[in-house]
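Chemist: Chains G and L, in that order, are what the protein sequence lines are.
Take the position in the first sequence, starting the count at 1, then add 1083; the result is the number in the numbering used here.
Take the position in the second sequence, starting the count at 1, then add 477; the result is the number in the numbering used here.
FYI, nobody ran anything at the bench for these hints, they're computed from the structure.
Every value quoted in this text rests on a predicted model; they were computed, and no experiment measured them.
Positions of the beta carbon are idealized from the N, C-alpha and C atoms, including for glycine.
Please note that the accuracy of each hint is not assured.
Some chain L residues judged to face chain G by a derived CB distance under 7 Å, without partners named [claimed, not checked]:
1. A492
2. F498
3. H538
4. K541
5. G545
6. L581
In silico DSS-like pairs for lysine-lysine, Cα to Cα no more than 30 Å straight-line [to be verified]:
7. G:K1587 to L:K485
8. G:K1935 to L:K551
9. G:K1936 to L:K511
10. G:K1939 to L:K526
11. L:K570 to L:K507
12. G:K1821 to L:K583
13. G:K1935 to L:K511
Cβ-Cβ distance ranges computed for the label pairs, FRET-style [said to hold, decoys possible]:
14. L:K590 to G:S1484: 29 to 35 Å
15. L:E502 to G:I1417: 48 to 54 Å
16. L:E502 to G:E1096: 58 to 64 Å
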Amino acid sequence: MENNTGVEAEKKEKKDGKIAWTFVILINVLIAVIVSFAAVNYFREQSESRYDAAEKGFSSTMSSMGQVAYSYLHTEQTFCDNWATYINVRSGDMSADIACDFVMNVNTDQRVTSAIIYYDTMEGYTIGWDSYDTVSYKGLEDKVNGAFEKAETCHMENSHLHITSPYIDPVSGVLSIGFCHDLRLMDDDGNEESAVLVRILPVSEFQGQWLFPTGYEKAQLALIDGKGEFIVKFEGVEQTNFFDYISANNDIDSETLGRIKNNLATANEGDMRYLNKVNQDSCYSFERIEDGEEWVIIGYIARENLDVTPVDLTIPTIIIVGFILLMAVDGIYIITINRRLKISMEETKFASEAKTRFLSSMSHDIRTPMNAIIGMTTIATKRIDDKEQVGECLNQITRASNHLLTLINDILDISKVESGKLSLNPIVFSLAEAVGNIISISQPHIKEKDMEFEVHARGVHHEYIFADELRLNQILINLISNAIKYTPAKGSVRLDIEEQPSDKGANMVRHIYTISDNGMGMSEEFMKTMYNTFTRDTDSRINTIQGTGLGLAITKQMVDLMGGTIDVKSKKGEGTTFTVTLDFPIAEKAMDDLVLPPLRLLIADDDEIFLESASDTLKSMGVNADVASNGEDAVKMIADKHVHNADYHCVIIDWKMPGMDGLETVKAVREKVGDDVSIIIISAYDWTDIEEEALKAGANGFITKPLFRSSVYSKLNELLAFDNSEKPVQEDNAEDLKGINLLIAEDNDINWDIIQVMLEFCEITCERAENGQICVDKINAAPEGTYQAILMDVQMPVMNGKDASREIRSSDKEYVKNIPIIAMTADAFAEDIIACKEAGMNGHVSKPLDMKKLIKELRAALKS
Amino acid sequence: MSLTEELKQYDVNVAEAVGRFMGMEAIYEKTLKKFPGAVESHEVEMYIKSGDTETATANAHTLKGVTGNLSMTKLYDGYVEIVSLLRGGENDKALTRLHDILPLQKSIVDCIKKYM
């Protein structure tokens, strides 16, 4: 239920987070849109207002243009009026011919022609630059009559415009307009005749009078009369009427058109917005010409052609883009920070959960051995007289205490690693011995679960390396014990050791340790975090296995500290393979001198890989060994050699083989060839159980897998004695000394502490005598057999070691007189040793004390 | 930093010494704390100066054994030489050699006292 609630809460949290996130994004987008929209709108308005200002300028210009038009027309009209006034007033009664000559003479403008037309006949004269001729204006009445009538009725009033509508001049054939003024002429009979003087100007000349100022170069101008007829057209316009032009280019109804007409008919000036003939939005501005026969001057310019300084969008664009970029960068930054925070939060959460799990697991793991210790102590107390029962209780207490110690060591290690306090203490050591120790440590668990255990060494030429032995052991033991722990009973675990050249230098060597099993494997999910502290895979089977979740973390840290790598391949249900690669400096002690004499050897094992690696090892030592893959073949080969009087010097037979196993093979060999062949049993297992039986069957010795050069050399030499050097002795194994009781004469507390710890470790008990005299007194007072030997410091107060030894040797008691005495001194010179022997001592160990040497001396002294 | 970690800087081979204590670092540390007392009760310099070579040699010999067992390598080497020189009657040289190692001995004693 709690889990479900937790999941629900997590889901809700995620959902809320998503909603909040979406809301924030929407708000941001909204702000960006509003700001952008406001900015665009503002600049569009700015742009519009500039256009509006330009339009007003255009309208104002058109007003001036109206004035210019009026001035021009008025000037032309004035010319006409002056000429007519002279003919009418100054010259008195002037005939048409004379008037024509007059006009011809006063006209100085070659663009201008003139005409004198009689009202009644609409005929008269056309007056050119240097001649005049008759002309008829019949047919042009609708164009000119308006102006003629106005001129006739207002002939006394000068300064008024009397202009015809544009018409095709009958003489030049050019569209023209005429400025009119009334004339009074005398005919041949002296009668007065009414006529009109027309000053004719081509419309094209008239059109060229207007030039728009800078900024309106692309504007166009037209002049229309009261009916909208073009007097002067916009360029390229087909229509003859302005209203037709507007209707043709704009989608407007009759009502609108009526308003336009009314506006133009009544207003003195005004502005309009309509399309031009190429569909450009244009401003039209008109100005009524004063006294201009209802003429209106209209100008238009497409808005896009208005000379408007464009709004400079560079800075606003930069600001907007910058603003958006700022939001984007901030957004990305916030997203990144959020992601990091999320990861950090998850890591913290994970660490917290892992620690909680760890504490829960630890409390269980600590409580279990503690319960055993307390329980067994209680039982032992209750049955204090039952020696056997007490012994069993103590054994269990020891096991539980060791487990507890391992647990605490793991915690201390990881604590050291995490605080960076873990450092390496490299020493020169034998890999063969280290692996041997690891195997013997693993054996009880292997045996308990009846597992297959294989160890192979391939091409290991450098057994002595300079490394931190303790840490290397820790790495391999962790991985092997994990393999054993997480592999079900009867499964298999394998350790492969391979040597390769190192790329880190000529004096370096690379060792690759591969630990593989066919156990329960690991999930991919777990493998991602398996090197983290306090993590264990989640599996109902795993939960029942003791573990702190620290082992792999420690292992990884150690490998890192040693500058190596650790790789893993694992599949759930199929097993796991860890590969540790480490580079070590080669120790000076080389194995190259371990060369075997030309021996005939046979190795029998069902494991082909072992056969191959063992053959390689022996070959590197100068022997080409024969191989047999089973017991039957081995027996045949041995018998065959025997028949040919060329017995193998030694055969190495695997203990566990399918079919005929190692013991059966030994028996068969002995039956066939007797004692002529030395037989070594080889195994990765603890062979102590079969030792007696194997020896009885005829085996000569045992060797532990893998086959290291040193171990095989030593064992073969022990059996075949080809090397005259001293036979190796098991110096570090004090099994045979267990239970003895020693008297230690040592005045110095520090030295006493050390010797006591060393002996207790070998399960040897001891008592202290603080000087030589006490030592002599104690041995004399002790019942026979109390002490098996005395360790005697040489230099002591009251009585030194040599004097004490002499006293002891001079005792009357046989037991005291003959007790072995071993000197302990910081002096290691030959004369010191001789002096000790002269004083009656049997052996000598020097300080600083060395465990192996001490055991060796003790063993030798006790045998003597 | 622990006592054993700190002692490494004074040429104390902690790994070797802990090995001698069968890996029991706690007992090693406990024993180390007896070292200042051992130094005080085995005065060497004063006896050399006063001409009591026998006592000086005996005390130097004891310290040689103690420093060797505690793997105080440099100090041990010093006492090995001092004992040898005293036995050879070269007291002046022994005193000079002692003066060489006394600062180191003092540092080690001070270091240990910090943890007492």
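Chemist: Determine for every hint whether it applies to the structure shown.
Modeler: Do the hints match the structure? See the list:
no.: 1; hint: A492; result: holds, 4 Å
no.: 2; hint: F498; result: holds, 5 Å
no.: 3; hint: H538; result: holds, 6 Å
no.: 4; hint: K541; result: holds, 4 Å
no.: 5; hint: G545; result: holds, 4 Å
no.: 6; hint: L581; result: violated, 18 Å
no.: 7; hint: G:K1587 to L:K485; result: holds, 27 Å
no.: 8; hint: G:K1935 to L:K551; result: holds, 23 Å
no.: 9; hint: G:K1936 to L:K511; result: holds, 25 Å
no.: 10; hint: G:K1939 to L:K526; result: violated, 42 Å
no.: 11; hint: L:K570 to L:K507; result: violated, 34 Å
no.: 12; hint: G:K1821 to L:K583; result: violated, 41 Å
no.: 13; hint: G:K1935 to L:K511; result: holds, 25 Å
no.: 14; hint: L:K590 to G:S1484: 29 to 35 Å; result: holds, 32 Å
no.: 15; hint: L:E502 to G:I1417: 48 to 54 Å; result: holds, 51 Å
no.: 16; hint: L:E502 to G:E1096: 58 to 64 Å; result: violated, 48 Å
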